[in-house]
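**Q** The lines below spell out each chain.
Protein chains: 2
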Amino acid sequence: MKKTSLLILLIFTLLFSLQCNSSNPNNSERPDFALVIHGGAGTILKKNMTDEQEKAYRDILEKALRTGEKILVDGGSSLDAVVEVITLMEDSPLFNAGKGAVFTHEGKNELDASLMNGSDLNVGAVAGVTRIKNPIQLTRRVMENSPHVLFARDGAEAFAATQGIDLVDPAYFHTEKRWKSLQKVLQKEAAEKSAYIKTSSDEQKFGTVGCLALDKNGDLAAGTSTGGMTNKRFGRVGDSPIIGAGTYANNQTCAVSATGHGEYFIRNMVAYDISAMMEYKNLSVEQAAAKAIAKVGAMKATGGVIALDKNGNIAMPFNTEGMYRGYIVAGENPVVKIYKDN
Amino acid sequence: MKKTSLLILLIFTLLFSLQCNSSNPNNSERPDFALVIHGGAGTILKKNMTDEQEKAYRDILEKALRTGEKILVDGGSSLDAVVEVITLMEDSPLFNAGKGAVFTHEGKNELDASLMNGSDLNVGAVAGVTRIKNPIQLTRRVMENSPHVLFARDGAEAFAATQGIDLVDPAYFHTEKRWKSLQKVLQKEAAEKSAYIKTSSDEQKFGTVGCLALDKNGDLAAGTSTGGMTNKRFGRVGDSPIIGAGTYANNQTCAVSATGHGEYFIRNMVAYDISAMMEYKNLSVEQAAAKAIAKVGAMKATGGVIALDKNGNIAMPFNTEGMYRGYIVAGENPVVKIYKDN
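Residue numbers (the numbering used here), protein chains in the order written: chain A, 9 to 350; chain B, 9 to 350.
Simulated from the structure, these hints should not be mistaken for lab results. Mixed in with the good hints there might be a few duds.
Which copy is meant is left open, because identical chains are indistinguishable; a pair holds if it fits in one copy or across any two.
Unchecked claim - Within a straight-line C-alpha distance of at most 25 Å, the following computed BS3-like cross-link-like pairs (lysine-lysine) qualify:
(1) Lys289 x Lys299
(2) Lys63 x Lys224
(3) Lys303 x Lys289
(4) Lys116 x Lys141
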């Protein structure tokens, strides 16, 4: 009798312990390296895209993945890979970051970016810069060459000047496509006699780029870069330069970069929340990322995240029609997706 | 036999469930209202303070508590109380916020503030404003009258102008004490031939003010306001205007306001982390706040937080010599403390 009841007790004890500390159901054998990217989420539908347009996006996403792969294969750090990949995406007019940044209400381009190092939780970020060709490169200088983590607007540019970073003519960021987007929104605003942005279409909000990397040392890094929202005013800062909202990396948990309606990503602390749910609730990266996007969705806001855990597991949830995204894991082919399934 | 073993099983089951969901050991009977304030943490020692100085601080802290109490007794909202109390503290030259803000490297005063509503997680924040007498009042306009959450520098002031908020002459923020602090740091910098802020004394970093309130409806709110760091440059943004770092409020968990070496409070997402540990690990507000300050301390950074949970429990941990702080709970006398114990 005693043996039987003890056995039953033991089984129950074990069952409850497991429930308390449900272990990560994912892969725990870390690949040599992994890299994940996004180029923004939104109403991205195949029917609205020409074959040429789709090919252009798939090509640049694959090129970005291959660029990061080369750095990581050669033993480069996750920070090196993230900065290099985002630089490439900032230089493309296809994304709302760097060259392809959207216009503010006043017809300017104000760029935000942030970078986080998972090994020491160090951070660099800039908000509202208008003359920095590659904001992501400036975030690395903020992280490594200043005791601070976030510089804003003209202040960030004054810091850039001390770092020998070339300031470009703001005209560099002028692209016809983005200029027309602004004109369309301004006309709509005038027609509605609205003194303020009341409606904001997907086209206004999205296109942010982000990159996460896990290097051979097991170090994670995350970066995000954006032009923000078409027709933004008043030095509006979104989630991209805000650590914990748009970007987060911690070697103990995961790296995250977000894209979407930034105000809601700030209010929900999306990037850090994913890490917190992994650390404190023992959720997998897929479970945590899905829950974080569900919280944003519960506020009727849209967007997506990419997340990469310390073991190379990847999650890319979004609640929009599509998200430009892709990943590459050591020894495997790159994967690029745009729509819900492919 | 069966009955005995079933009983034992039942007991074990109960024990393990309790372990999984250990309930908050604190008070769960909510007082009618509660309000908590801080006026900065740092090397605040009795031996360095005259009786008059100490009395001035104790008087203004008690006046702030009584101001908040009156609003909450009358059924005012936690947001009303937080904005009114912080306005009073901003108007005092004793704190590094509003009137008493420290000077930047260029001899300007650049103010940061944020406000969060625990009932809907709405947020308003401004960074680097130079002509706003009460930045906390501007954060409420950002929260309520714009679809955005954070405005920076000249942009934030342009928004203020649309809200009928009076812009003051920047000279309003000139106080001799803060001006001398800047001169001292600049002389030290010159002597060290340092092109950058290498050392940063407590006096440079601290004095931020914050307020948390729980109103009769059970709604929590949190606000923080600061002049930042003496000799700051490049549009440096600290943790005070960053939701999740310096300020957080959520009716489901707690309200938090932080003070200290802002860069580390950003890297550790201190304010949201306290809420996350309460929500995900079921820690009490005291346990969560203590852990958050321990994390900052592990990075050799200093500061403190005030935290108020949805049931009126209060925590005020800091790892410096002192922190100007106080609280008032419905039906009780206000409590004001400066040093470790009193």
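**Q** None of the hints should be skipped; say for each whether it holds.
**A** Each hint tested on the structure:
no. : hint            : result
1   : Lys289 x Lys299 : both (12 Å within a copy, 16 Å between copies)
2   : Lys63 x Lys224  : neither (31 Å within a copy, 58 Å between copies)
3   : Lys303 x Lys289 : both (16 Å within a copy, 19 Å between copies)
4   : Lys116 x Lys141 : within (14 Å within a copy, 29 Å between copies)
Checked against the numbered hints given earlier, the structure breaks only hint 2 and satisfies all the rest.
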